[in-house]
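Novice: Numbering follows my numbering, with no gaps: position 82 of the sequence shown is 82.
One or more of the hints may lead you astray.
Claimed, not checked - Here are the computed distance ranges between Cβ atoms for each label pair:
| hint | residue 1 | residue 2 | range |
| --- | --- | --- | --- |
| 1 | R227 | G76 | 24 to 32 Å |
| 2 | K160 | P108 | 16 to 24 Å |
| 3 | N60 | Y250 | 39 to 47 Å |
| 4 | N253 | E82 | 32 to 40 Å |
| 5 | I145 | P108 | 30 to 38 Å |
| 6 | F183 | E55 | 40 to 48 Å |
| 7 | G191 | L78 | 40 to 48 Å |
| 8 | K80 | S151 | 30 to 38 Å |
| 9 | E55 | G137 | 17 to 25 Å |
| 10 | G137 | N253 | 45 to 53 Å |
| 11 | I58 | L188 | 13 to 21 Å |
| 12 | Y250 | P108 | 19 to 27 Å |
Unchecked claim - Pairs of lysine-lysine, DSSO-like flavour, derived with a Cα cap of 27 Å:
| hint | residue 1 | residue 2 |
| --- | --- | --- |
| 13 | K23 | K35 |
| 14 | K106 | K125 |
| 15 | K125 | K40 |
| 16 | K100 | K164 |
| 17 | K148 | K160 |
No lab work stands behind these hints, which were simulated from the structure alone. Glycine included, C-beta positions come from ideal geometry on N, C-alpha and C.
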Amino acid sequence: MTLKTKLLALTFHCLFTFVNAQKVTIFSDQYLPAKPYGGKDEVQLLFNNALEYPEEAIQNKIEGDVFINYQVNTNGELVKIEFDQESPEVLQKAALDVFKRILWEKYPNEPKSRFSDEKMRVNFKIKKFNKQVKKRGYKRLSELIPSKVDSSYKTYSINKVDEKVGVKNASSVNDFVSQNFKFPGIALERGISGRVSIEFVIEPYGFISNVRITEPLAGGCNDETIRLMRAIEWEAAKVDGKAVRTLYRYQLNFINPGGSLSK
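Please take these sequences and the hints and turn them into a complete structure.
Specialist: Next comes the structure, spelled out in structure tokens:
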């Protein structure tokens with residue numbers, strides 16, 4: 001690698017670090033790594049949307065890295081969470097509040113007693129947080145919903161809630177999709193038809209997290225499905241009068257003009 005190439009690579013890395021909000025880095029176990037739903041990019045998006053920088057830390061200009069050490073068993077369950085001693089205590093709760101919203105993939109063919117040792121670093125920078133606040137449009141999650149919120153981090157299935165999830169900017173999910181759907185150009189050119197199955201969590205505050213494609217389709221169809229789900233203004237489900245996290249699944253059919261949907 002030439003010196004010029006090295007400098008270009010370094011410049012790109014620094015730019016990538018700068019444009020993220022609170023930069024999240026995952027150091028994974030090499031043998032049996034714990035995999036978050038949607039991968040590392042989805043974890044970063046979750047921190048971008050849900051992190052609340054403690055007001056006390058902002059007033060006292062406290063910044064730095066929070067290191068979370070954790071173990072996830074093969075059933076996707078957290079069995080240990082610890083902080084490194086050098087992690088600023090005033091920032092730990094804020095990092096943990098987002099961290100506990102992550103869903104983890106299961107390893108069904110491995111014994112449940114086996115687990116991975118993982119570490120996550122959450123970098124807190126006040127300037128970056130303020131930029132993210134401007135981009136997302138809110139500083140505190142409480143600004144997004146006036147009702148009470150369940151604080152247990154439990155994720156409910158759609159048939160275990162008292163009040164179902166709703167859509168604020170359409171009469172239904174299907175109605176929103178039909179009004180905003182754009183057939184991907186690459187899929188159109190290549191004559192691709194099929195379906196995309198997607199799974200995600202509708203957070204109590206109306207945005208979605210832990211997005212993963214469970215049945216993919218080429219030609220930009222995955223991206224279009226994710227775009228539509230993120231564009232919906234979700235109204236959270238409720239249990240005992242409190243807004244809760246809900247696991248939601250959706251299938252979107254892509255039928256190319258002149259083609260048919262394969263069964």
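Novice: Confirm or reject each hint.
Specialist: Each hint, compared with the structure:
1. R227 - G76: 24 to 32 Å: 27 Å, holds
2. K160 - P108: 16 to 24 Å: 22 Å, holds
3. N60 - Y250: 39 to 47 Å: 44 Å, holds
4. N253 - E82: 32 to 40 Å: The hint (32 to 40 Å, Cβ to Cβ) is violated, given that N253 and E82 are roughly 46 Å apart.
5. I145 - P108: 30 to 38 Å: 35 Å, holds
6. F183 - E55: 40 to 48 Å: 46 Å, holds
7. G191 - L78: 40 to 48 Å: Between G191 and L78, where Cβ atoms are some 44 Å apart, the hint holds.
8. K80 - S151: 30 to 38 Å: 21 Å, violated
9. E55 - G137: 17 to 25 Å: 18 Å, holds
10. G137 - N253: 45 to 53 Å: Between G137 and N253, where Cβ atoms are some 33 Å apart, the hint is violated.
11. I58 - L188: 13 to 21 Å: Once the Cβ atoms are compared, 48 Å apart, the range 13 to 21 Å for L188 and I58 is violated.
12. Y250 - P108: 19 to 27 Å: 23 Å, holds
13. K23 - K35: Given that 27 Å is the threshold and the Cα spacing comes to 18 Å, the pair holds.
14. K106 - K125: 33 Å, violated
15. K125 - K40: At roughly 20 Å apart (the allowed maximum being 27 Å), K40 and K125 satisfy the hint.
16. K100 - K164: Between K100 and K164 the Cα gap is close to 23 Å, so the pair holds against 27 Å.
17. K148 - K160: Since the Cα atoms of K148 and K160 sit roughly 18 Å apart, the hinted pair holds (cutoff 27 Å).
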